[in-house]
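**Q** So you can see what is in the structure, the chains are spelled out below.
Number of protein chains: 2
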Amino acid sequence: MERRDVPNSAFDYYSLNREAFLEGLKNFLRIPSVSTLPEHKSDVRRAAEFVAGELRAMGMATVELIEGKAGEHPLVYGEWLEAPGKPTVLIYGHYDVQPPDPLDEWKTPPFEPAVRGENIYARGAVDDKGQTYLLLKAVEGYLKGEGRLPVNVKFLIEGEEEVGGGNIDDYVTHHAERLKADVALVCDTEMFARDLPTLTTGLRGLVYTEVQARGAAQDLHSGLYGGAAPNPFQALAEIIAALKGPDGKIRIPGFYKRVKAPDREELAAWERLPFKEKEFLKKEVGAAALSGEKRFSVLERIWARPTFEVHGFRGGFTGEGAKTVIPAVATAKISMRLVPEMDPREVLRQFTAAVKKATPKGIRTTVRAISISSPTLVSTENAYVHAAREALERVFRKKTVYMRSGGSIPIVGLFGRHLRAPCVLMGFGLPDDRLHSPNEKFHLPNFYRGIEAVGHYFEILGTMTAGSAVHAHAKHGE
Amino acid sequence: MERRDVPNSAFDYYSLNREAFLEGLKNFLRIPSVSTLPEHKSDVRRAAEFVAGELRAMGMATVELIEGKAGEHPLVYGEWLEAPGKPTVLIYGHYDVQPPDPLDEWKTPPFEPAVRGENIYARGAVDDKGQTYLLLKAVEGYLKGEGRLPVNVKFLIEGEEEVGGGNIDDYVTHHAERLKADVALVCDTEMFARDLPTLTTGLRGLVYTEVQARGAAQDLHSGLYGGAAPNPFQALAEIIAALKGPDGKIRIPGFYKRVKAPDREELAAWERLPFKEKEFLKKEVGAAALSGEKRFSVLERIWARPTFEVHGFRGGFTGEGAKTVIPAVATAKISMRLVPEMDPREVLRQFTAAVKKATPKGIRTTVRAISISSPTLVSTENAYVHAAREALERVFRKKTVYMRSGGSIPIVGLFGRHLRAPCVLMGFGLPDDRLHSPNEKFHLPNFYRGIEAVGHYFEILGTMTAGSAVHAHAKHGE
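First to last, the sequence lines map onto chains U and R.
Residue numbering for the first sequence follows our numbering, beginning at 571 and increasing consecutively.
Residue numbering for the second sequence follows our numbering, beginning at 571 and increasing consecutively.
If you are wondering where the hints come from, they were derived from the structure by calculation, not from laboratory data.
Watch out, some of these pointers could steer you wrong.
Identical chains share a label here; the pair holds if one copy fits it or two copies do between them.
Derived lysine-lysine pairs resembling DSS-like cross-links, with alpha carbons at most 25 Å apart [unchecked claim]: (1) K827 <-> K611; (2) K819 <-> K926; (3) K656 <-> K596; (4) K968 <-> K639; (5) K931 <-> K853; (6) K846 <-> K931; (7) K864 <-> K927; (8) K927 <-> K819; (9) K864 <-> K819; (10) K611 <-> K656; (11) K639 <-> K931; (12) K830 <-> K968; (13) K750 <-> K853; (14) K827 <-> K846; (15) K656 <-> K852; (16) K864 <-> K931; (17) K864 <-> K926; (18) K853 <-> K677; (19) K830 <-> K750; (20) K827 <-> K750; (21) K931 <-> K852; (22) K927 <-> K677.
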């Protein structure tokens, strides 16, 4: 081996190992760790072991899988705490992914990562395996290139983000002391636009439910009983139409009462973002028109307004052809996104009451919560966020912008509540990455820039003293 | 073999072969001839061959499978025309069945016929394999017991009744001369109550559609796009709620304009039927309450009023857990039952226009017709219907009642239109037979009484001369 191939800094290591990083990412992406599907349980565990193996190989001092209750997916924990007096960074990512369906819309199979142009295509490419893997590689660069890190690091990588599982909640709640950190670094968000370094300052919460409607005691022939027997699908349609109007307004009593609008300054900053509604419609959505509340801008609608969405119906007949059945039972999956300062438990109660009220005669409905999380707002006024801005600007050479995300990352509220550490949401996804959709991708230049940006972030934090920053804690909806 | 075991009449043959008939029926029921599911195509053919084999074995002079277009299921045709001067009976049944799902609600598997108490349980037990098989056995009794039939017989047994296929339409339209008969005997209906001999005089028509709604160009993440991207499920819910109100009224412009109410005499006859709404609700439907148009009686609602029913939704996510997707495309299966004198093609146009009108901005909808058929009314004022009453009364020893059915048997309108023969709808199902539902059954005493009643019908018709009855032709909606 020639001398020039031996890295003597993290950044040397990064530039010498780009191919190895890509191969490693592909191996991670090949594991179909779909946390919501029971048939993938062993794959999810395989992904956890993959992450733990990476942490061990790079030289983290302590690495362990933290098991939850039966049926839960393990947390991967790793720590390296040999930088006394320096800040401690709690690093979060998740190794689980969304289901890949509809499968037939993928150009290449979702768990056979394919590089086309500057992108890598696979389920989880950006959400969140690609972004979790870049965190691993950023740390590896220091440990392998310099033998040490400029800061203390704790990894907490979960496998239930996409399913809203309770393992991480329990662990964070009961082990706040072990997870104690000066800042939490979450890499599960996106950039506002290509080449525009971005920090995310707000996330929506989520109340995801299943509404079951029951009519007759058994499926009935729609000829023999149609006109007199209640139809659970008709009931669900009436309930859904009653709870959200064509104007996009959600008609659940009390639903909007705690909604806190963004302040003028934040709205003005959004106005300055390079956002074109027509391009958003054409390139990202691709529908005939946008929908929603007309008196709010599109960015307000997706970042600062709550939603009501139907994700699927179960029951009856969905095969080819005609089956004339009035099903006994039908189910709708309905979720609501919440914005500061809405309370998910209160929303669940309001929703349940509104469903009951809209349920027609002859039908009995029940509401089951599958996943709930609080909305969060992250303060930008602290040294850890300022350091993150600087790190991003060193790599991207542009001014960092602040945006919110309409998505939900339950952990952020949890960290704010239990660890009292500020949360830095540094993400490298792009708006057209199609997370949760077929042909999900990650822009490979962002994969490499992400590694470097996190490397710079550690370097800058390494110039600071533990506990030196004024902690402006995360604000959140509960 | 002792002398007393050799039948010397059809009725002897019937009583000596009850066990063999039951075994034969079980063999027929074991064939999963689900016409709407492509994966059962070969099973459907197997059922056609089973019927043809039975016709050959009993000694029908001509037996053939009539193939339709590629992908269609064959008709089984058989004839025995050696009773010159006597009436010709065209016998109709179908060998295809509805899909068995939901499978987990069956007490025994749908294609493993099981006798419990006086019933046989299987998909198709009553609709229509059991009733088709009793027609075969009634004819077999004469051919095997007496060597000849008192009437001329033509069998036309189809395999696309449950799917509204076009094979029989084409054949009847183009081969009316071959199918020429004095009366058509259809055995695919039910009795009003146990032990109450029944002839059905009206059937509803059907327009079965798939409504597809398209929003975005691909599935979207409901966090990142929820609030601005149109949701096809929300659109379908709004359309469905717009097209049918909670009062049961269908709000499709022009929909009711051709609806012809039953006359006073028919309504008065329905009033005399032993119908108890509470029992119907409790024993047959099993819901908390009935639904529908309050100003019509339950029998009017299911026999003489049109319907609008949702049978299933396709698209999005329906697995366990939470997937936060706004689907690009969603589909609803929606059917309407028609009553005299509604026109299915006109209804399809009205429905399509109403769907378009109720489609919210950002969504494109298309309507596809899967199956359409006309409503029919059968006149009771002819000698062939009177003979059927008498045949039933000989076996059941009670006065025959007339009822309508809310179901659809497309062939009845077709026979009326092209063959100009009166149609006798003699059925032996019971109201709790759960056709199209899990645990479909056939009451075995009715299976045997059905064979005898059809035997008596042939005997009575055999006393008549071909063409002697005044034909009061079937009236129908087109």
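**Q** Could you run down the list of hints and mark each one as holding or not?
**A** Okay, the hints, checked on the actual structure:
1. K827 <-> K611: Classified as neither: same-chain Cα gap 40 Å, cross-chain 57 Å, threshold 25 Å.
2. K819 <-> K926: both (19 Å within a copy, 22 Å between copies)
3. K656 <-> K596: Cα proximity of K656 and K596: none, with 34 Å in one copy and 80 Å across.
4. K968 <-> K639: neither (46 Å within a copy, 66 Å between copies)
5. K931 <-> K853: between (44 Å within a copy, 18 Å between copies)
6. K846 <-> K931: between (47 Å within a copy, 20 Å between copies)
7. K864 <-> K927: between (27 Å within a copy, 21 Å between copies)
8. K927 <-> K819: Both. Shortest intra-copy (18 Å) and inter-copy (20 Å) distances satisfy the 25 Å Cα cut-off.
9. K864 <-> K819: Classified as within; 10 Å inside a copy, 32 Å across copies.
10. K611 <-> K656: neither (39 Å within a copy, 71 Å between copies)
11. K639 <-> K931: neither (40 Å within a copy, 46 Å between copies)
12. K830 <-> K968: neither (31 Å within a copy, 74 Å between copies)
13. K750 <-> K853: Neither. Shortest intra-copy (42 Å) and inter-copy (63 Å) distances fail the 25 Å Cα cut-off.
14. K827 <-> K846: Cα proximity of K827 and K846: none, with 30 Å in one copy and 49 Å across.
15. K656 <-> K852: neither (47 Å within a copy, 73 Å between copies)
16. K864 <-> K931: between (34 Å within a copy, 12 Å between copies)
17. K864 <-> K926: Close across copies (22 Å), not inside one copy (29 Å); limit 25 Å.
18. K853 <-> K677: Within one copy only: 18 Å inside, 52 Å across.
19. K830 <-> K750: Neither way: K830 and K750 sit 30 Å apart in one copy and 77 Å across, limit 25 Å.
20. K827 <-> K750: Intra 35 Å, inter 73 Å, cutoff 25 Å: neither.
21. K931 <-> K852: between (43 Å within a copy, 15 Å between copies)
22. K927 <-> K677: Answer is neither; intra-copy 44 Å and inter-copy 35 Å both fail.
Taken one by one, the earlier hints fail for this structure at numbers 1, 3, 4, 10, 11, 12, 13, 14, 15, 19, 20 and 22, listed in ascending order.
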